[in-house]
Amino acid sequence: MNEDDNCSIYPGALPLPSGSEIRARVQQFVEERMQTTMLTGVLIGAVVAISLIGIMVLFVYRRYKQTREQQAGVPRYRFRKRDKVLFYGRKIMRKVQTLSSAPSSGGSVSRQRSRKRPKVLALARRILRIRREPPTLQPKEPPPSLLEADLTEFDVQNSHLPSEVLYMLKNVRVLGHFEKPLFLELCRHMVFMELQEGEGLFRPGDTDDSIYVVQDGRLELCVQESDGTDPVVKEVLPGDSVHSLLSILDVITGYPAPYKTVSARAALRSTILRLPATAFQSVFNKYPETLVRVIQIIMVRLQRVTFLALHNYLGLTTELFNPESQAIPLVSVFSVIGEGSPGRTSRKPHPHTPPEEEPGLDKCPQGAAERSSDTDAVRSFAADSASAFRKSRSLSVESTGGAVSSSTDLNMAYERARVTIEDAPPSPVMHKSILKKSVTMQPAPSAVIHYTDSGGRSDQVPPSKVGAIFQAAKKDLLRLIKLNDHSLLEGRVTLHQVKAGTVVARQGDQDVSIRFVISGLLHVYQRMIDREEDTCLFLTHPGELVGQLAVLTGEPLIFTVRAHRDCSFLSVSKTHFYEIMRAEPSVVLSVAHTVVKRMSSFVRQIDFALDWMALEAGRAVYRQGDKSDSTFIVLSGRLRSVILKDDGKKELTGEYGRGDLIGVVEALTHQPRATTVHAVRDSELAKLPEGALSSIKRRYPQVVTRLIHLLGQKILGNLQQVNGPLAARSLTLNTPGSKWDVGNPVSNLSTVSILPVCEDVPLTAFSLELQHALSAIGPTLLLTSDIIKQRLGSAALDSVHEYRLSSWLGQQEDIHRIVLYQSDPSLTPWTQRCIRQADCILIVGLGEQEPTVGELERMLESSAVRAQKQLVLLHREDGPPPSGTVEWLNMRSWCSRHLHLSCPRRVFSKRSLPKLREMYQRVFQKSPDRHSHFSRLARVLTGNAIALVLGGGGARGCSQVGIVRALSEAGIPIDLVGGTSIGALMGALYAEERNHNRMRIRAREWAMEMTSVFKKVLDLTYPVTSMFTGAAFNSGIYSVFKDKQIEDLWIPYFNITTDITASAMRIHTDGSLWRYVRASMSLSGYLPPLCDPKDGHLLMDGGYINNLPADVARSLGAKVVIAIDVGSQDETHLTNYGDSLSGWWLLWKRWNPLAERVKVLNMAEIQTRLAYVCCVRQLESVKNSDYCEYIRPPINRYGTLEFGKFDEIAVSPRGLLPHVLWPVGLSASPSPPSGKTLRRRELCGHNSRSC
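Mapping of the sequence shown onto UniProt numbering: residues 1 to 1251, in sequence order.
Hints are all accurate, no fakes.
Across the chosen pairs, the derived CB separations fall in these ranges:
no., residue 1, residue 2, range
1, I708, R905, 53 to 61 Å
2, Q196, K649, 43 to 51 Å
3, D1186, V191, 54 to 62 Å
4, R623, I708, 25 to 33 Å
5, A970, D1095, 40 to 48 Å
In silico SDA-like links for lysine to any residue, alpha-carbon gap of 20 Å or less:
no., residue 1, residue 2
6, K1159, N1196
7, K926, V907
8, K789, R836
9, K475, T594
10, K649, C895
11, K597, Y255
12, K1042, P134
13, K140, T1069
14, K627, H670
15, K475, Q326
16, K1205, I1001
If you're looking for bench data, these hints aren't it; they were derived computationally from the structure. Ideal Cβ positions, reconstructed from N, Cα and C, are used throughout, including at glycine.
Using the sequences and the hints, build the whole thing.
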């Protein structure tokens, strides 16, 4: 084929470019493009670089900002764009509203605009959802004075008294009860002594007749042991003393004794102050009326300090008493009966071999059960005729008619002994009429014989010689008590004869008598501390007294007196004894000496080591980190324990009242002090040094077991009130649980001061109402400036009588459960005294008035007051509910709590003071209503509050409405309400309404709204955080509570939420009620967490961390907690499906009607069980606690979301509450009874497995 043929085949074809042409064209194209895109590349690179630099700068700035926020501790707030739009929209609306409220300049156009503006503003408010947010409570810390002790020590330089006088007054507590002139005269007998190192101050064999106070140097007090060693039991530092009040009493009564086993030597060169005990005798010779008071103080110290420390805390009983007989020979009695000479009677009182007693009856039967005194008199008659009785009465009048009138010291002694005796005027005629009246009221004849029906041998007085033996026994009694005027016994002594097995007096009795045994034996028993059995202390033989210690001190009896065989004795009642003592005060010396002789030598040794400390307000008992060398017992006053944390912050760890034991853990474990303990107000303490405790442990090893028991229970935090007359009755303590319950700072209060906000406050009526409510709990005394002036004189508040007033006020605290101090309207000396004496200060205001701070409060803020303050707002019972409480609280520096009281109309009645007191005299004749708000305040102040805790459980919580109704019908008051989840809602309803009927209506309305499917569908959202937006649920909760604040509820309230931001439990006691109720009900997966408006933390359902917060209620001050558990019951009988599980298999099992049912948890149930795992152990501890009354209604068959069955679930379970719960409501100081397992079985439903 040729070339022409090729051309003819492609006639239109163009010639193809060669390779060189293609390269040239590509190069040309690239050069043109490079010129046009050079500038674009440069711009792109610059933009990328600038963006990277900007991102890095922004990142560095955010890191810097976050670091500064973390350092400052400022919480981060997260806002959505919608919230910002609403915020600025509301801000603009406020400005528009301000402009619209300005006055217009007239004209029809302006009037039309003014009509349109409100409509536009209303529409804008609805769109922007404008609501006026209530003010929030400002967080405040306690003032520094509340948590800090004074750094200054005992001030000697700035005092007007000489230093040696101050040292003596500081250490010898009994001297503070003298008037200042008497005390200064007593101190004139003081002498100085100089001791070189190692030189002895006194040793065994020297006369024990002085009080020694170290002014400079150091002394060592030693006790000689049985093995010949003399270990140091106490180091006496400057300002401390060495003395025994029992030794002083020996000198005063005329029976001085030498030191037997106690010695003291100078560890360093020392200067000692010595006060001879004979100085007391010279003072008593000039001022005989002070004798009774001083003896009584020494007896009170013996019972309060020595017995409280050794018996109640160390468990010693028989070791404290001398079993040897101290009887005198009954010469007169046996001369009448004719049963031998005085020589024979002298051998009769021997404790082991009385000749006329049967063998074995003179010994204490061990483990004898206490028998009831059912052997009363078969017949009784008067041995003296009416004429003889009138004759003795006239002799008594003649002998006492010219007696000196009683002084203040005698009156104080009578008040301390709880004896009321009318003062005798100087006129003989008036005295005769008063005595005649007292004799007419006295029901007992001068001699009473109790006959026995039992046959056989008996030591009874022969009926034919009753009168003669009665007169002879009185002569022997006169010889024992050394009474000069024999006629003082006429009409005041009775002769008793009891059968074998009779309980003559019981441990804890208040109305006691002095008994003088004539024949037979009286066995004296005391209840053991750790065991429910009695131990025999000693025997009272013929010629001995029993019961005289309780008569002298006014305290309840510390032992039980029982006759194991027929016995005869003379009895002098407490009232009659003080009548005798008023006429002849010296009789107290002989009676007190019989008490001292009954004490063992061991008590005398320890009496030297035990100190009776007087601590001023603000002074530290010990400081954190100090060496633990002593244990302390609070006798009066109040102490506060504060711990200093590593970050420098101080935290209140507890408060201690009368009878509490402090510092025992560190002392026993030899660890440094864990906290600083200081006095809230002037206090008295008993100090037990470590050396004395070690000496006791060596001598009585059983004490170690008791200390281990105390230490173990103290560390575990479950130490209960020690059973015993001195702890529970003598010291009028709050039982049980208050002794170690440091979780409740207001427990065991002794004094409460009442201050008004303004003059409009009905302070007198409020104080009388509170006194009436407190009278159901224990003896209560109300003191005002007028009462003080009436009882102690118009000059009682002068500084000259400081010691006497302090002593008298301390005595009132001893004999009353609580003392109310009503202040004056202005800052007077009495108002200052009220503040100084207060364990707690009540600031009383009127809730209907505008919030304000009173003048007294301003002065209170400027002074270093350590007592806790509580705000009490009074409301009329027909007035509006509380509101604006936050403003009241924000105006004040710090308040420990606040309470709202709905007062009866009589509180606000306008009556004069005499008519007001006359009206309340009629009120006091009736029992207080336990459901009144004043009764609630009384229980809160005394640590006896009853809390109602409602657990979470969805629709099952509707049963709590019925439980509340059942509690109300059972008469059980509620003082604190708390809850979780659905329990938070129900508890808030009850705390707001205080009425179970209104609570039921509102709860039912909300439950029916929860059944609306339409609202749930509208509230659905894309399930990133939750299935629902929460708007519909929020609207339902808000419609129930509106803008109510937790602070405005009638009953104190709290609820629990789970803070998932901080992974902690949150306790809400203030703030928006609906928000925190909603937060406590925020179930995971269904509702989104709620952002706390305070700090932005995310809050979820409280059931995830504490579904039944009974422990929280306990920490907030509740004595008894009624816990209602409505949680779900987990199914434990599940199908064992092996190692793997197919969802298709489960679906087939569910759809196949012939297949066996498979019990397998779904994902929601697994999530719920995982969430509540942490609550299982807490729930078990709550059910096993002694303070909790656990109740579970039979609601297991109801589901979590079955709110439509409200009427069926909320039926009042009347048969669910057994009678065992009645004491909780009827008793002012409830204590959980025994047998809690049986009680829980009764309280729980039959189908419940949680019980």
